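Between the sequences and the hints, there should be enough to build the whole structure, so can you do that?
Protein chains in written order, with the numbering used here: chain C, 1 to 471; chain S, 1001 to 1215.
Careful: at least some of the hints might be erroneous.
[As the list claims (entries may be wrong)] Derived list of chain C stretches under chain S, where covered just means 3 residues or more per stretch with a C-beta under 8 Å from a C-beta of chain S: (1) 21 to 27; (2) 35 to 49; (3) 119 to 130; (4) 272 to 285; (5) 319 to 327; (6) 413 to 427.
[To be verified] Here are the computed lysine-lysine pairs in the DSS-like style, where the Cα-Cα straight-line distance is at most 30 Å: (7) K1008(S) <-> K166(C); (8) K1002(S) <-> K51(C); (9) K1008(S) <-> K1193(S); (10) K1193(S) <-> K166(C).
[What the hints assert, rightly or not] Quick list of the computed label-pair ranges, beta carbon to beta carbon: (11) G249(C) <-> D1055(S): 44 to 54 Å; (12) K1193(S) <-> D278(C): 26 to 36 Å; (13) A245(C) <-> Q1212(S): 19 to 29 Å; (14) K194(C) <-> E1034(S): 32 to 42 Å; (15) K1002(S) <-> A401(C): 54 to 64 Å; (16) K194(C) <-> R1062(S): 55 to 65 Å; (17) G1124(S) <-> K51(C): 17 to 27 Å; (18) K194(C) <-> D1172(S): 43 to 53 Å; (19) L311(C) <-> D1057(S): 37 to 47 Å; (20) Q1212(S) <-> A95(C): 14 to 24 Å.
In short, the hints are calculated from the structure, not lab data. The model shown is predicted, which means the values in this text are computed figures rather than measured ones. Ideal Cβ placement from N, Cα and C applies to all residues, glycine included.
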Amino acid sequence: MAGATLYDKLWQEHVVTTLDDGTSLLYIDRQLLHEITSPQAFDGLRQFDRKPWRLDANLAVPDHAVPTRFREHGLIGIQDAIARKQVKTLAENCAEFGVELFDLTDARQGIVHVIGPEQGLTLPGMTLVCGDSHTSTHGALATLAMGIGTSEVEHVLATQTLRTQKLKNMRVTFDGHLPPGLGAKDLILALIEKIGTAGGRGYAIEYAGDVVRSLSVEARMTLCNMTIEAGARAGLVAFDEVTAAYVRGRPRAPRGETLAQAEDYWRTLHSDADASFDTEVHIDVSNLAPQVTWGTSPEMVIGVDGQIPSLAHARDGDQSSMQRALTYMGLKPEQALLGLAIDKVFIGSCTNARIEDLRAVAELVAGERVSANVEQAIIVPGSGLVKAQAEAEGLADIFLAAGFEWRDSGCSMCLGMNDDKLGEFERCAATSNRNFEGRQGKGGRTHLMSPIMAAAAAIHGQITDVRELLK
Amino acid sequence: MKPFTTVKGIVVPFPRANIDTDAMLPKNYLKKLEKFGYGDFLFDDERYLTPGDVDIDPSTRRKNPSFILNQTPYNHAEIVVAGANFGCGSSREHAVWALRDFGIRAIIAPSFGDIFWQNCFNNGLLPITLSDAEVKQILAIESRSVQSLQLTIDLDAQTVATDEQVWSFEIDANKKAPLLAGLDSIGETFREKDAILQFEQQRRQQRPWLFQSGD
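Next up, the structure:
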């Protein structure tokens, strides 16, 4: 019999029962909640007089609609009355049902996908869900983590299980050696370009190979984060010593003898050598250039030194979608991106707002200045603790000296629910995960790229090949 | 949840591939606390020429006359026929609530975003997967129709039909039955309460570190 994949093992570990109709009840170890996708779920519980099944499995944090300024004022610092009510409602729901909350003024507040691993709330071998598609991020710790809708949030609150069906297995192996100036963001953008935004539909994707093994856990989170942009609900990286070192000492991680017991189990969290995958994808990264999106879908990607395809080479022959994307972006077929002037820079989001991202940016912008042509360049740390650490390490001083705005943590300009957003036709170098029409603000034009690529764009006021700055 | 048996309704075409949930319901409306009342905001960025927000009365806003949902008879559509990977992107169930509140009962496409697809079933909407060729065929019939195209969807028989033509679709039994009955999934899962308790008890012993409470 063939061995099991990592996904197979995590699945098997958590199946409570499989019903006659083929639905499996999957036990959920952890649910993270935030202010946008939880109020209707709590309402549902109230309506049917239901209680959360297991309180200690849940943690809530406001992140999506929170402002990234005036946070010291707490709730009254939220100028948007509707957003304020939503954040307040989360606190009230948590108080009523007894769910633990990291509130707005808590030093541990941050983007839900940053604080989970940071606190040790995310552990290897868990199932973890959240009403947010980027929950795939947590798979970097060999955690089966999936984004769910609000009805499912309510279902997990009430029953500690998810009604679901097993996914297929895909393995993505990055071969070769990652060139200088490239990182996890370039890997995931290259994958999405290769398999398309629907390529991973119905799969859990495991990232494998020496390139992935050499990545830090934070970089693996970037990789797993954008798995949903490749169409797959879950991304995974096998447990190894890098994961073990990351988890040890986290506030909610096990200690002492329990840790040793846990690590014994965690060391089994890899695909067996003879495991078979439904689909295998290989990408040679040795000649990869820094990746940048040119269109309105994360699959519209080129190397920064390349040019936009011609209409004749539109993906799936769909010229009208390509033309629509180019019109929206104010670009033309076969145009180069190098030298394209940008208006705003956003460094942040659950994709790229952890301390390593900020260190890389600081190294590049130290002693430099944000171009006078750039209207606004903001850096939004992923959590209050990331912010404090960046300040302790002197990174924040570097950012401020270079002319960046240094904000409080939250989702911010990734989706523009607070007042950090793009105006019509504004072009943005962004480290976030979606370049959809209107995502960062109605009419705004997003180019997704790595943190150091966004930093290079900020300094030069235009899309720049960061490799030139590293020479 | 409203049971889904048969629906006869007007088709609105969205032939583009990769229509994401941000497009269906922009971020402004994620600030609402309710599960209903999103119909006026479906495809908001394209549908209106003037800006909107939760606290702006949509009837005071200028509509974009060239957007299909603002045109008769599409403003009464109940069935969306769309390009591949419909509903990709954000997990926001609000997008499904907006479709439902607008009056949409079913969506026909070659493929769907995974989370969106699940969200549809949880709100009594039927996402029907037909082949790319079949979807193109329906879109072609729609564009040739002098009047609106009406389709009849029979979930029990698993068919989509015009007066002249019938297409069959596949659907898993575990998706079909709850939709036909309009079942509450939490109530269904509670039937397995003992199994969950037993599983949890075993897990508590085997993996004790997962059951530590906060500091």
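Against the structure, the hints:
1. 21 to 27: holds (count 5)
2. 35 to 49: Coverage by chain S holds for the region 35 to 49 of chain C (7 residues, Cβ < 8 Å).
3. 119 to 130: Since 3 is at least three, the answer is holds.
4. 272 to 285: Since 0 is below three, the answer is violated.
5. 319 to 327: Check passed, 3 qualifying residues.
6. 413 to 427: Check passed, 3 qualifying residues.
7. K1008(S) <-> K166(C): Judged against 30 Å, a Cα distance of about 33 Å means the pair is violated.
8. K1002(S) <-> K51(C): Holds, because 24 Å separates the two Cα atoms, which is no more than 30 Å.
9. K1008(S) <-> K1193(S): Cα-Cα ~39 Å, so violated.
10. K1193(S) <-> K166(C): OK: K1193(S) and K166(C) at ~21 Å, within 30 Å.
11. G249(C) <-> D1055(S): 44 to 54 Å: holds, 46 Å
12. K1193(S) <-> D278(C): 26 to 36 Å: With a Cβ separation near 34 Å, K1193(S) and D278(C) satisfy 26 to 36 Å, so the hint holds.
13. A245(C) <-> Q1212(S): 19 to 29 Å: holds, 21 Å
14. K194(C) <-> E1034(S): 32 to 42 Å: The hint (32 to 42 Å, Cβ to Cβ) holds, given that K194(C) and E1034(S) are roughly 41 Å apart.
15. K1002(S) <-> A401(C): 54 to 64 Å: holds, 59 Å
16. K194(C) <-> R1062(S): 55 to 65 Å: violated, 42 Å
17. G1124(S) <-> K51(C): 17 to 27 Å: Taking Cβ atoms as reference, G1124(S) and K51(C) lie about 26 Å apart, which means the hint holds.
18. K194(C) <-> D1172(S): 43 to 53 Å: violated, 30 Å
19. L311(C) <-> D1057(S): 37 to 47 Å: At 42 Å between Cβs, range holds.
20. Q1212(S) <-> A95(C): 14 to 24 Å: Holds, since Q1212(S) and A95(C) (Cβ atoms, about 22 Å apart) stay within the stated range.
The structure shown violates the earlier hints numbered 4, 7, 9, 16 and 18.
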